Amino acid sequence: MSNMPKIIAICGAKRSGKDVLADYLVKKYNYERLAFADPLKLVVKKLFNFEDDQVGIGEDEGTDKKDIIDERWGITPRAALQFFGTEVMQEKIQELLPNIKRNFFANTLKNHIENAEEGKKFVISDLRFIHEYDMLANLSNVAHKDKMIIRVIRPSKHRTKEQEPHISEVEYTNIPYDIIMINNGSIDEYISRFEKLIRI
Numbered sequence: 001m002s003n004m005p006k007i008i009a010i011c012g013a014k015r016s017g018k019d020v021l022a023d024y025l026v027k028k029y030n031y032e033r034l035a036f037a038d039p040l041k042l043v044v045k046k047l048f049n050f051e052d053d054q055v056g057i058g059e060d061e062g063t064d065k066k067d068i069i070d071e072r073w074g075i076t077p078r079a080a081l082q083f084f085g086t087e088v089m090q091e092k093i094q095e096l097l098p099n100i101k102r103n104f105f106a107n108t109l110k111n112h113i114e115n116a117e118e119g120k121k122f123v124i125s126d127l128r129f130i131h132e133y134d135m136l137a138n139l140s141n142v143a144h145k146d147k148m149i150i151r152v153i154r155p156s157k158h159r160t161k162e163q164e165p166h167i168s169e170v171e172y173t174n175i176p177y178d179i180i181m182i183n184n185g186s187i188d189e190y191i192s193r194f195e196k197l198i199r200i
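Position 80 of the sequence shown, counting from 1, maps to 80 under this note's numbering, and the rest follow consecutively.
If you are wondering where the hints come from, they were derived from the structure by calculation, not from laboratory data. Fair warning: there could be bad hints in the mix.
Result set (DSSO-like, lysine-lysine): computed pairs, CA atoms no more than 30 Å apart in a straight line [to be verified]:
# : residue 1 : residue 2
1 : K28       : K92
2 : K45       : K27
3 : K145      : K6
4 : K65       : K92
5 : K27       : K196
6 : K101      : K14
Derived CB-CB ranges, DEER-like [what the hints assert, rightly or not]:
#  : residue 1 : residue 2 : range
7  : R33       : E189      : 17 to 25 Å
8  : E189      : N49       : 34 to 42 Å
9  : V88       : D67       : 14 to 22 Å
10 : N99       : N3        : 20 to 28 Å
11 : K101      : T173      : 36 to 44 Å
12 : K46       : I153      : 16 to 24 Å
13 : G185      : N99       : 42 to 50 Å
14 : N99       : N141      : 37 to 45 Å
15 : D52       : E87       : 20 to 28 Å
Note that the structure is predicted; figures quoted are calculated from it, not measured. For each residue, glycine too, the CB sits at the ideal point set by N, CA and C.
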């Protein structure tokens, strides 16, 4: 399809199918896969001596190893990523370094997109926060019609705010979206549903 948007950003709960859809867009439509959390994963991996699959880097992305407690630290890698990415890098760092704003990681991704070669397409697999959405909405080199926000819902993985209290897992519900994807069957059914929706 030649009229695919330049940027597709995917939001949804953990294990809802965001990575599956992002991987499909890379393979089928030659998108470059990005994530707001890419720099965070590298930092947390180094600080905590985690393996790639514990922080969702590489071929093992999408596994549940982020949710297995690391006995050295007594926490899950996901908890380390959430704490360092949200409480430290979006909240506390501003007390020490006021010129670093909440969108520190978002700006890294923004710079990558704005400096990319003409015709490059991007899929962002982890849209979680309103300030990330705002950054995408205000990209200087991408028209509104060339951006698409997809919310993925997997009923079997749906949790309430009481069950999943961390802001990084609930703020996405306030992000405006263009398409809603229900992931309640096989991977083939999920991808087929996506293909039908983007042709409407």
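Exercise for review: Below or equal to 30 Å on CA atoms is what counts here, so check K27 against K196.
Suggested key: The hint holds at about 18 Å.
Check your understanding: In this structure, is the beta-carbon distance linking K101 and T173 contained in 36 to 44 Å?
Key -> 23 Å, violated
**Study point:** Satisfaction of hint between K27 and K45, Cα-Cα up to 30 Å
**Key:** Holds: K45 and K27 sit about 27 Å apart, inside 30 Å.
Exercise for review: Look at the Cβ atoms of K46 and I153 and judge whether their distance stays inside 16 to 24 Å.
Suggested key: 34 Å, violated
Check your understanding: When you check the alpha-carbon spacing of K65 and K92, does it fall within 30 Å?
Key -> 27 Å, holds
Review point. Taking 42 to 50 Å as the hint, is the beta-carbon distance of G185 and N99 inside that range?
Key: Roughly 48 Å apart at Cβ, these two residues keep to the hinted range, so it holds.
Review point. Holds or violated: 37 to 45 Å for the Cβ distance of N99 and N141?
Key: 25 Å, violated
**Study point:** Pairwise hint evaluation, K14 against K101, where the allowed Cα distance is 30 Å at most
**Key:** 25 Å, holds
Check your understanding: Quick one, are K145 and K6 close enough, alpha carbons at most 30 Å?
Key -> 9 Å, holds
Review point. Has the hinted range 17 to 25 Å been met by the Cβ atoms of R33 and E189?
Key: 22 Å, holds
Exercise for review: Note whether the CB distance of E189 and N49 lies within 34 to 42 Å or breaks it.
Suggested key: The hinted range 34 to 42 Å holds for E189 and N49, with Cβ atoms some 39 Å apart.
Review point. K28 and K92: Cα distance at most 30 Å?
Key: 40 Å, violated
In summary, the numbered hints that this structure violates are 1, 10, 11, 12, 14.
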